[in-house]
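S.K.: My request is simple: use the sequences and hints to build the entire structure.
Here the protein sequences come in this chain order: S and X.
Per our numbering, residue 1 is the first one in the first sequence, and the count goes up by one each step.
Per our numbering, residue 1 is the first one in the second sequence, and the count goes up by one each step.
Simulated from the structure, these hints should not be mistaken for laboratory data.
Among the hints, a few may not be true.
What the hints assert, rightly or not - Only part of the chain X face toward chain S is listed, based on derived beta-carbon distances under 10 Å:
1) F28
2) L72
3) S76
4) Y106
5) T111
6) L117
7) G118
8) L121
9) T132
10) L167
11) Q168
12) S181
As the list claims (entries may be wrong) - Covered stretches of chain S, going by a simulated chain X footprint (3 or more residues, C-beta under 8 Å):
13) 77-84
14) 96-106
15) 168-180
Even glycine gets a Cβ: it sits at the ideal position worked out from N, Cα and C.
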Amino acid sequence: MRLQNFTKGLWTELPVLRVLLGFCPTLAVTNRAENGLVMGLATTFVLFFSCTLISIFKKLIPHRIRIPIFIVVIASFVTIVDYLLAAYYWEMHKVLGIYIPLIVVNCLILGRVEAFASKNPVGDSMLDALGMGVGFTLVLVVLGSIRELFGFGTIFSHQVIGKPYEPMVLMIIPPGALLSLGLLLGLMNLIRDRMEGRR
Amino acid sequence: MKYMFSVFFVAAVLNNFVLTNFLGICPFLGVSRRKGPALAMSGAVLFVMVIASIFTWLIYHYLLQKYDLEFLMIPSFILVIGSLVQLIEIFMRRFAPRMYDVFGIYLPLITTNCAILGVTLININRAFNFHTALVYSLGAGAGFGLAMIIMAGIREHLEYVDLPRPLQDIPIALLVAGLLSMAFQGFAGTVALLK
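M.R.: Below, the structure written as structure tokens:
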């Protein structure tokens, strides 16, 4: 087990911003930081258990039908998350709506299962899945915080900007998601270019 | 009739699948660099979307609901979509090789396209009847195509623009999509006029 498998998900292979996967949920649910956090945790849950299970049984899975098997495993864990959220966090389940079942087609999960968990030992796969999940959650929370800050003047529903602030509705409606993610991605590329230039 | 038209209009323009619901963003960003591939991808998506909607609707109402198996909805839908795509690929290669040449390479990508699974889930969540589901999926596919073609048209011109390096390709595509999405927000409220 190498710790590097965990940390790469937080910077060098940061989902969404460095590895361009999983845009749909990132754009769709980040109008509040809390929504982003729950979505990120749900995805992490699915990612962690799918990667672990598939890594354990990787020798038993026939190579030719591996993709359908991966998808069924992922879909089963997504069903579990869907029912858990419906049972214990009904309000959030209503807010996230069809984006919870759509975790199945989040390319990030299938990508990690196919590229990493089906080829590496269980311990490494668990670390890899956790790192990617935490990185993904981080991105969603950051984007959600930016949009909530400008759109409502709050972060995690705590008032940050005082009352006279006129909320920028643009940030919480769909165009705001695309614009803020585009700028965030540009900023990320700028930071990467600067760091590579210095080396 | 009027109701069906408003269902189509809502799916295609008002709640555009890509620009408002953020379904199918991956192909929207990945295959919209040129008009030709964008058009072919949209055709393939529209085709699979309608067929997948028909099959999943029938499976949900006549199989899952009948035997209290609703909890199998997510795995069964994604498997149905995956096998449908495979079947369509085989049939197309056999009976419409020229169509296969155009759409073929995009078909496997469609299995994990969230727009397809999204439309089938919305059909069930909003309890659409069969006809509404059919029209809704047609509208969703048309909306996807609309967004793809506008985007491809803009991106062909973006190649001649001298952009700062960090903004090139995907970031600028997202910003352009943001402006497009803003334009589509202008349709809000028009559905009240249709009623």
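S.K.: Do the numbers back the hint for X/T132, that is, is its least Cβ distance to chain S under 10 Å?
M.R.: 17 Å, violated
S.K.: Can the hint on X/Y106 be confirmed by a CB-to-CB distance to chain S that is less than 10 Å?
M.R.: 15 Å, violated
S.K.: For the restraint on X/S181, tell me whether the closest CB of chain S is nearer than 10 Å.
M.R.: Status holds, d = 4 Å.
S.K.: Going by Cβ atoms only, is X/L72 closer than 10 Å to chain S?
M.R.: X/L72 check passes; min Cβ-Cβ to chain S is 8 Å, inside 10 Å.
S.K.: Has the stretch 168-180 of chain S got at least three residues whose CB is nearer than 8 Å to a CB belonging to chain X?
M.R.: It holds, with 8 qualifying residues against the three required.
S.K.: Does the nearest C-beta of chain S fall within a distance shorter than 10 Å of the C-beta of X/Q168?
M.R.: Holds. Min distance 8 Å.
S.K.: A closest beta-carbon separation below 10 Å is what the hint needs, so does X/F28 meet it against chain S?
M.R.: 9 Å, holds
S.K.: Is the interface hint for X/G118 satisfied, with its Cβ closer than 10 Å to some Cβ of chain S?
M.R.: Where the cut-off is 10 Å and the nearest Cβ of chain S is about 6 Å from X/G118, the hint holds.
S.K.: Would you settle whether the hint for X/L121 is holds or violated, based on the nearest Cβ-Cβ distance to chain S being less than 10 Å?
M.R.: Holds, because the Cβ-Cβ distance from X/L121 to chain S comes to roughly 5 Å (cut-off 10 Å).
S.K.: So, as I understand it, the hint says X/S76 touches chain S; can you test that by seeing if any CB pair is closer than 10 Å?
M.R.: 8 Å, holds
S.K.: Let me know if the C-beta of X/L167 comes in closer than 10 Å to any C-beta of chain S, holds or violated.
M.R.: Interface hint status for X/L167: holds (5 Å vs cutoff 10 Å).
S.K.: Report holds or violated for the interface hint on X/T111, using the least CB-CB distance to chain S and a cut-off of 10 Å.
M.R.: 8 Å, holds
When the structure is compared with the earlier hints, violations turn up for hints 4, 9 and for no others.
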